[in-house]
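**Student:** Chains as they are written, first to last, in the numbering used here: chain Z, -8 to 348; chain H, 50 to 433.
In short, the hints are calculated from the structure, not lab data. Some hints here could point you the wrong way.
As the list claims (entries may be wrong) - Covered stretches of chain Z (chain H as the covering partner; in silico rule of three or more C-beta atoms under 8 Å from a C-beta of chain H): (1) 114 to 124; (2) 167 to 173; (3) 247 to 253.
What the hints assert, rightly or not - Restricting the straight-line Cα-Cα distance to at most 30 Å, the calculated cross-link-like pairs of lysine-lysine (DSSO-like) are: (4) Lys164(Z) with Lys393(H); (5) Lys33(Z) with Lys86(H); (6) Lys33(Z) with Lys126(H).
As the structure is a prediction and not an experimental result, all values here were calculated from the model. The beta carbon of each residue, even a glycine, is placed where N, CA and C say it ideally should be.
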Amino acid sequence: MNYLKNMNKTTRSNMVTYLMVIVAFVIVQGMIATGSISSSLKGQLVPICAYVVMAISLNLTVGILGELSLGHAGFMSAGAFSGVVAAQCFSQNIDNPVIVLILAMIVGGIVAAIVGVLVGVPVLRLSGDYLAIVTLAFGEIIKGIVMNLYVGLDAAGLHFCMIKNTLEMDGGKMLINGPMGLIGVPRIATFVMGFVLVMVCLFVIFNLVNSKSGRAIMALRDNKIAAQSVGINVTSYKLMAFVISAAMAGMAGVLFATNFSTVVASKFDINTSILVLVFVVLGGLGSMRGSIIAATVLTVLPEMLREFSEYRMLVYAIVLIVMMIATNNATVKNALDGFARKFSFKKKSEKGENANG
Amino acid sequence: MKMKKVIATAMVGFMAMGMLAGCGGGGAKDDAATAIKVGGTGPLTGGAAIYGLAVQRGAEIAVEEVNALGGVQFEFKMEDDAHDAEKAVNAYNALKDWGMQISLGSVTSTPGTATAAENDNDRIFALTPSASATTVTEGHDNVFQMCFADPNQGSASAQYIADQQLATKVGVIYKNDDVYSSGIYETFATRANELGLNIVSTTTFTTDSQNDFTVQLQDAKNAGADLLFLPMYYDAASLILSQANDMGYAPKFFGVDGMDGILTMEGFNAELAEGVMLLTPFSADADDERTKAFVAKYQELHGEVPNQFAADAYDCIYALYQACENAGATADMTAEELNDLMMKEFTSMTFDGLTGTGATWTAEGQVNKAPKGMVIQNGVYVGM
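Can you build the whole structure from these sequences, using the hints too?
**Tutor:** Written out as structure tokens, the structure reads:
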């Protein structure tokens, strides 16, 4: 306990976040082991992990770096498509699905990072609205490219072509079939791997934020001119955050894609980018824990509302608005704070400082 | 920070509650063993909702009729997938929690491909009314189709145009970011080539550019195409028809089963669809007793003429009924037992339905039945 008290505030907060993820994981694993989990929730575990990683990685760009990106799904797409192609190639030689998935994630992450650099170098010289517009366009470009991409695999290796399917293959199979997207994806994603990915990404982000680079990135967010005046290299630090964020989105894409037997490029459109942005904004800019909770709740919520049948999306919108108002309302915040204080002080002493609450 | 802790606690509680609620749903399976639970996913909201709703309504009518016949009883439930693979898997899992024993797969192709993998994995038999892509049945021994597979539609259309000598110069406009449309186009082009049909103009569009077709129409017009093949859904086709009309370009139009629904589309002048030909297995104006009764019932309940999707769904339920009766299936069987029985029945039985008589299925799950050529006259489909 003393150790906990002596830790600085950030470390303690980070530990709580790790703990929260671990506890949620253990609870769910327990439920799977005892068979008391519904198929509906079980089917959503991997997508939840993917969305959580998307949310925390976008939070790095939006919350920590302070730049609005509307093309995050583009990185997810780049990672998903390259990762699945890699997984198909690897699985010819490697039997262990876990190793295949890890390798695929690495490939997906690297490809997304490369795309991140390509986009980031010219784009990060912009800021604010302009950056948002260009990232939005980038997301559409990725979608357009992937939609016209044909990739096949046969004994001779990989075959690529664009726009029209002119592949001359000797048997083999199609991996990416233009607008039909990924076909016959090996379904190797598991909840455990999703959990590991979430933990790794959290670890990277927390350590980045607490490092010299992280402080430079946040200085850029808070006051660019002041940061420049003390010799912080704007482009390189911006690029660093942006590329790390892209790589994580790519890995989330691989996790997401390998959970379904088919994925189409149009899945990763502006709507998905906005959805992830909603997770970040609702969870609180810069708050990783908030992003995790928001991503989980908002992914599970539409499924829980199935009993409303056709009014489902209506109810979803209302819940979203209520949540947004409630989390930003001073009265509600005070009430919650007061409740929390009351709750935690009661344990220590009954005297209470209720007057404050 | 404290507040966040509270939220986190509440959140865990929320999740736990959700899980418990889920268990309640799963446990109910054993109680209601009087009817076989049939579930399907489809777009009940969003752009493709017309198909999901048609399937839901068609299936509901059939279930009511079948249950009145006695013998095997069905209970039917449809969940919304908004034409998205991820949501379709969620919807499928929700149906599994409900206790689904036989599946109607998904209504549209991309979600259908995703749920087919789940069906295969869970050994729950699926008979999809309208997910027509080959990827739906490929590699899955327990997923069957009630509709034609896309390649069959493409080659059958080319065959029909050549046999009836409908055109000398053919123009094609297709949607290249759509599985259905590009799938049909590819086989159409191959078959047309074999049959010596002269394709003079091939143009494409995507979801983002389906508001303006003047370029594509101008291309076809300049090339002198006297028949325009439109393998697409009716929403885009309706625009093509009206823009061609504005340009004063009047070739013959030839569609596929996605064209079905154009007459009931809101805000579309049905007169423009006069003379449009389409290849579809179902016509609402057929004069056999069963079609008449179905159309009358559908109109009474929903105030519109049923399209081919509704008829396919209606046939699905009857086909399942026939198979269950033949195999002696009962409601207390598990999904896996039913799966084995259904697989055996569907590969051996012959089925007569609204969408074709003497239908049989291959072991790959594709249906064999004869398509009918239809032409729109005075606002209704008439057999050619």
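**Student:** Next step is simple, just say for each hint if it's right about the structure.
**Tutor:** Going down the list of hints, with the structure as the test:
{"no.": "1", "hint": "114 to 124", "verdict": "violated (count 0)"}
{"no.": "2", "hint": "167 to 173", "verdict": "holds (count 4)"}
{"no.": "3", "hint": "247 to 253", "verdict": "holds (count 3)"}
{"no.": "4", "hint": "Lys164(Z) with Lys393(H)", "verdict": "holds, 29 Å"}
{"no.": "5", "hint": "Lys33(Z) with Lys86(H)", "verdict": "holds, 21 Å"}
{"no.": "6", "hint": "Lys33(Z) with Lys126(H)", "verdict": "holds, 21 Å"}
Violated hints amount to a single one, hint 1; each of the other numbered hints is respected by the structure.
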